[in-house]
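Heads up, the sequence shown is in the numbering used here, so the first residue is 8 and it goes up one at a time.
One or more of the hints may lead you astray.
[Said to hold, decoys possible] Derived BS3-like pairs (lysine-lysine); straight-line CA-CA distance at most 25 Å:
(1) K70 - K148
(2) K103 - K70
(3) K54 - K103
(4) K148 - K76
(5) K103 - K71
(6) K170 - K246
(7) K71 - K172
(8) K148 - K172
(9) K54 - K148
(10) K266 - K246
The set of hints was computed from the structure by calculation and includes no laboratory data.
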Amino acid sequence: MNPIKKAVFKVLSTAVINVKTHYKLYRSIIIAANPYIKPLYNALDYKMMVTGREIPVRVFRPKKEGSAKVLIFFHGGGWVTGNIDTYTHICANMAKQTGHTVVSVNYRLAPENPFPAGLEDCYYVTREIMINPCIVNCQFKDITIIGDSAGGNLAAALALMAKQKGEFMPRRQILLYPATHFDHSEASPFQSVRDYGKEYLLTAERIETYMQLYTQNEKNRHNPLVAPLLAPDLSHQPKTLIITAECDPLRDEGEAYGKKLREAGNDVRIIRIAEALHGFLILPRHSKTVRTCYAHINRFLNDYET
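Working from the sequences, and respecting the hints, build out all of it.
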């Protein structure tokens, strides 16, 4: 990596705010840095009533007429930050780049709503759409779940939960630089945590903080619905695309999850984006990293949407 870039990342990686004690302030900063501006494209807000509660979703429809294919999207932010507003430009670009309708789920955040609250929101919205695909004007076979970072974790956990409950099973899942393990300390079994956990924007310390806020009860860290890599049986999972970033502490665990899925008999593609950092979807849509990512996503969707 370019030494100048690396020096900049080192400075930016220095935590100024203690997220564990000032998570609300950190959320405010994230929101201020990603202001919601009513888009020029077709975006509609809904509230889905499930289990007696309303779960907000934002639907982004591509300009392409007649598209009936859907991506159900779960945003990142360590289960603590992020919402449908801060991810609006990412989802709008996703709809444009893939030609799919994108349904972004505004799930509940920790620590006010720790595990499994956010996962349950994602599961219930997905279940409603899967069982009644006419809600988004598509068929069951045309639905793919997708998430980035913590959202990738939620997508993977959702598929495991779907297998447990037996109510539905997504046909495809796309996991973008997902968290799949519970330990991001120096004792982590993954070298990428040690190689990229200090000076590459997302730090291992920050991941540990997010995990503590999300799980609260330490026993939950070992739950496969928090750490999918711990699942004893990964058979009968969706066709899977996992995209990781080379300079990301979560890289190795994401790839390890893909390999374990493959060993369990699933159809899995694992792609590593060279020199990319965690969270690269936030980059301008014309950047090489983002264009490369969507090229792989579209190839996966085109090959398996039958």
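Right, here's what the structure says about each hint:
no.	hint	verdict
1	K70 - K148	holds, 21 Å
2	K103 - K70	holds, 7 Å
3	K54 - K103	holds, 23 Å
4	K148 - K76	holds, 9 Å
5	K103 - K71	holds, 8 Å
6	K170 - K246	holds, 14 Å
7	K71 - K172	violated, 36 Å
8	K148 - K172	holds, 19 Å
9	K54 - K148	holds, 24 Å
10	K266 - K246	holds, 13 Å
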